[in-house]
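Colleague: Quick mapping for you: the protein sequence lines, in order, are chains A and B.
If you read the first sequence in this note's numbering, its first letter stands for residue 29, the second for the next number, and so on.
If you read the second sequence in this note's numbering, its first letter stands for residue 145, the second for the next number, and so on.
The reader is advised that the hints may include incorrect statements.
As the list claims (entries may be wrong) - Ranges between beta-carbon positions, derived for each pair:
#	chain 1	residue 1	chain 2	residue 2	range
1	B	L513	A	A367	56 to 62 angstroms
2	A	S139	B	A494	55 to 61 angstroms
3	A	K144	B	R418	48 to 54 angstroms
4	A	P291	B	E259	39 to 45 angstroms
5	B	A494	A	G366	19 to 25 angstroms
Claimed, not checked - The calculated SDA-like cross-link candidates involving lysine to any residue, where the alpha carbons are at most 20 angstroms apart (straight line), are:
#	chain 1	residue 1	chain 2	residue 2
6	A	K170	A	G147
7	A	K258	B	E519
8	A	K258	B	R532
9	B	K254	B	E346
10	A	K258	B	R527
11	B	K480	A	G169
12	B	K480	A	A360
13	B	K212	B	A257
14	B	K480	A	E309
15	A	K144	A	I86
16	A	K258	B	E368
17	A	K144	A	G169
18	B	K297	B	K254
19	B	K480	A	G366
20	B	K480	A	E361
21	B	K480	A	N314
22	B	K254	B	G394
23	A	K258	B	V520
24	B	K480	A	A367
25	A	K258	B	Q528
26	B	K480	A	N313
27	B	K480	A	L363
28	A	K258	B	K297
29	B	K480	A	L370
30	B	K199	B	G180
31	A	K258	B	G530
Calculated directly from the structure, the hints in this document are not laboratory data.
The C-beta atom is built at its ideal place from N, Cα and C for all residues, glycine as well.
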Amino acid sequence: MTDSDNIIFDTASRIFDDLSTAEVINDAEAGTWPEALWQAISESGLNLTWVPEDNGGIGASILDGFAVLKAAGGAAVPVPLAESLFAGWLLAQAGLQVSGETATVAVGELSLTDGKLSGSAQGVPYARNAKQIVTLVETAGKVQVVQVAAEQCELIEQTNMAGEPADTISFNAVAVVQAGEPGEGFNGENVEAMGALIRCVQAAGALSAALELTIEYSMERVQFGRAIGKFQALQHSIAAFAGEVAAMNAAADAAAEAVARAPSIDHDAWIEIATAKTRLEEAVNNGAAVAHQVHGAMGFTYEHSLHHVTRRLWAWRDEFGSDVVWARRLGAEVLSWGADELWPRITAVTDAR
Amino acid sequence: MSVTRFRFPFVEMPPEATQLRQEVREFLAEERANGGYTPMADCWAGGMSAEFSRKLGQRGWLGMTWDKKYGGHGRSFLERYVVTEEMLAAGAPVMAHWIADRQSGPQIIKNAAPEVRDAIIPRIVSGECFCAIGMSEPGTGSDLASVSTRAEKVDGGWKVNGTKLWSTGAHGPGCDYMITLLRTSPLDTSARHKGLSQFIIELNTPGVDVRGIADIGGQVHFNETNFEDVFVPDSHVLGEVGGGWNMVVGELALERSGPERFLSTFIVLQEAMRLLVNNPSEQTQEVLGQVVAKIKTLRRMSLGIAGLLQEGSSPEMEAALVKDMSTNFERELLEKLRRILPQNVLFSSAGLLPTLLREGVLRVPSSTLRGGTNEVLKGMIARQLGIR
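The following block holds chain A by itself, in its conformation from the complex (with noise of 0.2 angstroms):
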C-alpha cells in the first residue's frame, strides 16, 4: 500500500471507532439516523472514494475503497456508505455525475419509456436513508445506468435480518434524472457481481472483528477457575474459525484485485467474485457459530455487541445472489471450462499476462 491509501484506511478507520458505537448502531436499527457519523464521513469525503477527482471525488483506487468498506464491515456501519460508494461507480460507469448525497443501488424489474423509470425493486438497501436511487435499465437491447431521486419514489419500509433497511421500491414513471449508457458488455450481471463483491468484503471485515471479539472475550471470561479459552475444545474452535477468516479475507481480496486489475467487471473478475461468494457460505456458517458459543449466553443478548457483526453476515451472506446461487453459478462456468481445461483455469489467474 502506498502512503495515501493508509491516509484514506486511517481516516475512515478513526471515524468508525469514534462514531459508530454500539450506542450509535442500536439506535439505528430502532430508526435514528446518525447523523453525526454520517457528517464525518461526508465531509472526509470517504463516500466519494470511487470517484475520480475531476467528478468531485476523491480519486481513490478500486483498492480503496475496498480497504474502506473492509473497516466498514468490521465496524458494522449502520449508514449507506458501501451503498453510496456502489452508486457512484455505477454512475461512473456510465460517466454521469457523482455527487455526495446519500446514494444507493436498486436491482429490480425495471423499465424507461420516455424518460421515466417504471417498475419495482425489493430489497433496497438504505433505500429510506439515500436521496438518490441509482439503477441499471435494459430495455429494448439497450442498457443505460439511470438515477432517480428517491423522495419520488414509493417506498415500503423493510429490514434485512440485521435490522439494516431493506426496502420495497415502486417507481410509477418517475422522472430520471441522469441517464447515461455504459461501456459496452456491462449488464445487470455486472451489477450484481459488483454488489455480491462489496458484502464479500464487508462480510471479511465483520469476520475479523467478530474473530477479535471471540479471542478477547476467551481470555478474560473465567469459568471452572480459568480462562475458558485455556480450555483445548476452545483452542480448537477458535483455530478452526481463524481459518475461515484468513480464507474468506483471501478470497474477498483476491475479488477485488481482480476487478482493480480490470477496466470494469471483467470474465476473470466474475469468476473471483463468484468464488468469494461461494466461498462466504462456509466462512458465515463456522465462522458465527464459533462466535456465538465461545461468548456463550452473553452474547446472545441485545445489548452485547457481537450480534452486530454476526447478524450482518447472516444478511449479507443471502445479498445479490446468495452464496448457494452464486455456488452453481460458478459450477456451471467450471462444467463449461471441462475436466482439461480445468487446471489452466485454476493457475490462470496468477500467471504473468
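Please arrange chain B on chain A, whose structure you already have, making use of the hints.
Modeller: Chain B in isolation, oriented as in the chain A frame:
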C-alpha cells in the same frame, strides 16, 4: 479494529515461471500419453518411480532453488512452486524425490559438512539419490521431543541405536540417506528439546534395517527403520551437536503450506469432471462451485505464503492455518464428489476414475496426520492468536 491479522498477498508469476509451466505441461501430457505414468491420488506420498524422478532431474526440475555453486539450478521459489503444483495436479509419481527435493536438500546445503554436501547434492539434483526423514518413532507421534533413539559418542563418530517410524520412502530404490533426529545427551525432562541432533545416515551402513509397513490399502510407502550399533562418522552430523530441535522445527515449517497440502486429491476431481459435464444437475453445479471456490482460495493462500517466504518473511500462523484447512479439504473434496458421481463409479474397482477415488479415500486419512496432526497445528494456531 484491526482489519485482519492474516496476510496472503497476491503473487503474480514471473514470465519465466509461466513459460516453465507450459514446458512442464507438455512434458506431463507426453509422459501420460506414452505410458510414462498413470495418474494417482496422493502421488507425492504414494507414487514411487525412480525412473520418473530421474527424468525430472534431467529436465532440471529437482533442486531448482538451490545455489548453482552447490549443483542446484538457482531458480526462484515461484518456479519451483509451478513445477510442484503441475506435478501434483497431474497425479504424477513424484514420491521418490519429494522429501529430498523439498526438505533434505535445503537442510544438507545449510548444515552439512562441505565434503558431505558436495557428495550428495549433485546426485539429488540429477534424480539419482533420494532421502527419507527419520523424525518420528514408535510412541512419539506428533510429540517429537519425546524421541529416544540415541547416538553415543565413539572414536571418530557416533554409535546409533533405536527405531525410527514412518520415514516415507526409505525402502525405495535410490533412497540412500535418512536425515535422522537423535538424542545425543540424556533426556532432561525439564528441557526435552535440548540434547537432540540431526545426522545424515547412509541407509546401506551395517546395522540399518529398513522394513516396509503396509498402509490400510495394502500399499507399502512408509517404514520402520531399526538401528543397531550403527556407526555414523563425525562428518555426518548436521550443524551443531545439540542443535537438532531448531533444525526440525524450521524444516517442519518449510513443509507446511505447499501445494501438496490441498492438491493430493485434485486428480480425482479432474477425472470426475469428464463424467460430470454430461447433463449436470443443479447439485453437481453446486458441489463443483463449492470445491473450486475452495481450491482457488487455498491456492491463493498457499501461493501468498510462498511469496512471503521468497521475500524473507516467516508467516508461521498463516502456514499453520493453510495446512489445517487444506488437509481437511482434501478429504472433503472426495466426500462431496461421492454425492454427485454415479453409483457404478462408487463400487467399481476397474477403470481410472474408480481407482483414483478408492485410492483417494484410502489414503486421505494420512493427510491430516503427516507432518504433525491437525490437532497439534490447531494448538500452534491458538498460541499464535495469543489465547494459549
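Colleague: Are the hints correct? Go through all of them and say.
Modeller: Going through the hints against the structure:
1. L513/B - A367/A: 56 to 62 angstroms: Because 30 angstroms falls outside the window, the suggested range is violated.
2. S139/A - A494/B: 55 to 61 angstroms: Because 58 angstroms falls inside the window, the suggested range holds.
3. K144/A - R418/B: 48 to 54 angstroms: Given range 48 to 54 angstroms: holds, Cβ gap about 53 angstroms.
4. P291/A - E259/B: 39 to 45 angstroms: violated, 59 angstroms
5. A494/B - G366/A: 19 to 25 angstroms: holds, 24 angstroms
6. K170/A - G147/A: holds, 17 angstroms
7. K258/A - E519/B: holds, 15 angstroms
8. K258/A - R532/B: holds, 6 angstroms
9. K254/B - E346/B: holds, 19 angstroms
10. K258/A - R527/B: Given that 20 angstroms is the threshold and the Cα spacing comes to 10 angstroms, the pair holds.
11. K480/B - G169/A: violated, 40 angstroms
12. K480/B - A360/A: Measuring from Cα to Cα gives roughly 16 angstroms; hence the hint holds.
13. K212/B - A257/B: holds, 17 angstroms
14. K480/B - E309/A: Roughly 15 angstroms separates the two Cα atoms, so the pair holds.
15. K144/A - I86/A: violated, 32 angstroms
16. K258/A - E368/B: violated, 37 angstroms
17. K144/A - G169/A: holds, 17 angstroms
18. K297/B - K254/B: Given that 20 angstroms is the threshold and the Cα spacing comes to 23 angstroms, the pair is violated.
19. K480/B - G366/A: holds, 18 angstroms
20. K480/B - E361/A: holds, 18 angstroms
21. K480/B - N314/A: holds, 18 angstroms
22. K254/B - G394/B: holds, 12 angstroms
23. K258/A - V520/B: At roughly 15 angstroms apart (the allowed maximum being 20 angstroms), V520/B and K258/A satisfy the hint.
24. K480/B - A367/A: Holds, at about 17 angstroms.
25. K258/A - Q528/B: holds, 13 angstroms
26. K480/B - N313/A: holds, 18 angstroms
27. K480/B - L363/A: holds, 16 angstroms
28. K258/A - K297/B: violated, 42 angstroms
29. K480/B - L370/A: holds, 17 angstroms
30. K199/B - G180/B: Within the cut-off at roughly 10 angstroms; holds.
31. K258/A - G530/B: The hint holds at about 10 angstroms.
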